[in-house]
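Chemist: Chains as they are written, first to last, in our numbering: chain A, 1 to 203; chain B, 1001 to 1203; chain C, 2001 to 2203.
Don't read these hints as lab results, they were simulated from the structure.
Note that this is a predicted model, so its numbers are computed, not measured.
Keep in mind that the hints are not guaranteed to be accurate.
In silico SDA-like pairs for lysine to any residue, Cα to Cα no more than 25 angstroms straight-line [unchecked claim]:
1. A/145 - A/169
2. C/2196 - B/1102
3. B/1145 - C/2161
4. B/1104 - C/2038
5. B/1145 - C/2167
6. C/2196 - B/1092
7. C/2037 - C/2022
8. A/145 - C/2144
9. A/196 - C/2096
10. A/145 - A/52
11. C/2037 - B/1088
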Amino acid sequence: MKNVFVHPTAQVETVDVGEGTRIWAFAHVLPGAHVGKDCNIGDHCFIEGGARVGDNATVKNGNMLWEGVTLEEGVFVGPHVFFTNDLYPRSQRLPEVRNRYASKESWLVPTLVRRGASLGAGAVILAGVTVGELTMVAAGAVVTKDVPPHALVVGAPARARGWVCECGRPLRFRHGDSTCQSCGAHFREEGKEIRKIEASRQG
Amino acid sequence: MKNVFVHPTAQVETVDVGEGTRIWAFAHVLPGAHVGKDCNIGDHCFIEGGARVGDNATVKNGNMLWEGVTLEEGVFVGPHVFFTNDLYPRSQRLPEVRNRYASKESWLVPTLVRRGASLGAGAVILAGVTVGELTMVAAGAVVTKDVPPHALVVGAPARARGWVCECGRPLRFRHGDSTCQSCGAHFREEGKEIRKIEASRQG
Amino acid sequence: MKNVFVHPTAQVETVDVGEGTRIWAFAHVLPGAHVGKDCNIGDHCFIEGGARVGDNATVKNGNMLWEGVTLEEGVFVGPHVFFTNDLYPRSQRLPEVRNRYASKESWLVPTLVRRGASLGAGAVILAGVTVGELTMVAAGAVVTKDVPPHALVVGAPARARGWVCECGRPLRFRHGDSTCQSCGAHFREEGKEIRKIEASRQG
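Go ahead and model the full structure; you've got the sequences and the hints to work with.
Modeler: Laid out in structure tokens, this is it:
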């Protein structure tokens, strides 16, 4: 792996880490995990074989990315976010359920976090959901169903509270239009979602 | 300890670990902790002296099992579950409260998780509760009081939402009876709890 | 550093740790972090440059104290409390937001926890709040605004549920006065806060 920084205390067992990525203290990346280019993987993280982290992602400390979890480009995972990959978890060693865990097909449920989304500290992401592009999941929220792009979701279970800009700030809409007070980007409501209006298309 | 796998980065200071158990990277098991047979203790776990883990338990990554916490056989502890052992915690080093922490009797409150129960990712288990046999605590739930066997509890504070089979799936009851759609086990309501009906006793 | 215990697996890169402090396994303290005297820093903690921990603090396992977080004397931080220092987090590596992260002034928001306060297991403390002296934040609470001294706050978002004594026990008020049933300290309501009445001023 070219130009990858691995802290001396980290354990990196995969060979699939992109250029420019840094992996910090006491992190553990297993064989078969994919980590893209220019990522930052914080202390005490655990990335399992089969998990995929896109380029330019920031994975803060203490995260566990299980098999079945995919993060697209530029995702922000706050400290100690909770991913899961089984909706009815039991100890595989319990005699009553050993059959269920004989093959992954019967329990493994994937999770997808789309480009540029942010997951706040301590958020819980239930297996099976898709978190939309550039979404903002508030700290401590419990996400139990899919979240549309640019949505701000809050609480347990997480509910839509509004929309956010690509820069992360809340957007206020008037007559279906919004201009971000912070970065000036333009958005329009379209059905139940919002869409960015590129500069060249305005007016 | 016979046939125990300890990752080279783990620190295991107890001698009381059962055969077939595996303890993973950066985990720390203190003197006086008990870990049963055929357990799996994930990365970055911490098991304190006086904590007890039964056989066949799965303790996912990042868990902290304090003195006073007892897990019976076959318990599933999801990632980063929060156990506590003090209902009125203060820094023991604060002058105002040093007397209170002079002996454990004045602050240490035990927690019991019964056979085969599952604790979802990021659940909070307050000191002093008993989580019943084969219970399912949802991810992110805050358990503030005892939970009966086979219950599904959800939310903060955790409330009963229904019943689950030993295989983990929700059960639907009609006229006090239920057959699991997934594994075929039979259950009957009895007062405020449910009981499994063994095959030999049916009809 | 005189009389500081550092576990052989811990990484301590600051030189600013007070006498009598103990730092446990797999903890990582960065250059520029301040840790006071007689503190206990649990396993798997992470203390970033710019974070400040006062004397006599108890920081339980798995905590991450980011730049901008200040704990005064005698604070108790339960297991895996979630601090944050950015209200609109994005991956700094995402092209759309690189400008925002060019300087700390545009994103870094400080947090202050005052003397003797307790933060329960898994509590979430949003960037920008001040947690008052000897406050008790319940396990799993999500603190989104300032908390007055001696308050007990619970839930998500955290709401005031009553008052606590310096010893941590709930206080019951009658006609604006309260005597702690546990330690005998006296308190009086004053406007929207409470104040301890010193023995010499009674009657």
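Chemist: Do the alpha carbons of residue 2037 of chain C and residue 2022 of chain C lie within 25 angstroms of each other, as the hint requires?
Modeler: Holds, because 9 angstroms separates the two Cα atoms, which is no more than 25 angstroms.
Chemist: With a cut-off of 25 angstroms on the C-alpha distance, tell me whether residue 2196 of chain C and residue 1102 of chain B pass.
Modeler: 24 angstroms, holds
Chemist: So if I understand the rule, the pair passes when the alpha-carbon distance is 25 angstroms or less; does residue 1145 of chain B with residue 2167 of chain C pass?
Modeler: 23 angstroms, holds
Chemist: Is the Cα-Cα distance between residue 145 of chain A and residue 2144 of chain C 25 angstroms or less?
Modeler: 24 angstroms, holds
Chemist: Does residue 52 of chain A sit within 25 angstroms of residue 145 of chain A, going by the straight-line distance between their CA atoms?
Modeler: Given that 25 angstroms is the threshold and the Cα spacing comes to 21 angstroms, the pair holds.
Chemist: Taken at face value, is the distance from the CA of residue 1088 of chain B to the CA of residue 2037 of chain C at most 25 angstroms?
Modeler: Given that 25 angstroms is the threshold and the Cα spacing comes to 23 angstroms, the pair holds.
Chemist: Holds or violated: are the alpha carbons of residue 1145 of chain B and residue 2161 of chain C at most 25 angstroms from each other?
Modeler: 18 angstroms, holds
Chemist: Hint check: residue 1104 of chain B vs residue 2038 of chain C, CA-CA at most 25 angstroms. Holds or violated?
Modeler: 20 angstroms, holds
Chemist: Within 25 angstroms, alpha carbon to alpha carbon, are residue 2196 of chain C and residue 1092 of chain B?
Modeler: 20 angstroms, holds
Chemist: Holds or violated: residue 196 of chain A with residue 2096 of chain C, Cα cutoff 25 angstroms?
Modeler: Cα-Cα ~13 angstroms, so holds.
Chemist: Take a quick look at whether residue 145 of chain A and residue 169 of chain A sit within 25 angstroms of each other, Cα to Cα.
Modeler: 23 angstroms, holds
Of the numbered hints given earlier, the model fails none.
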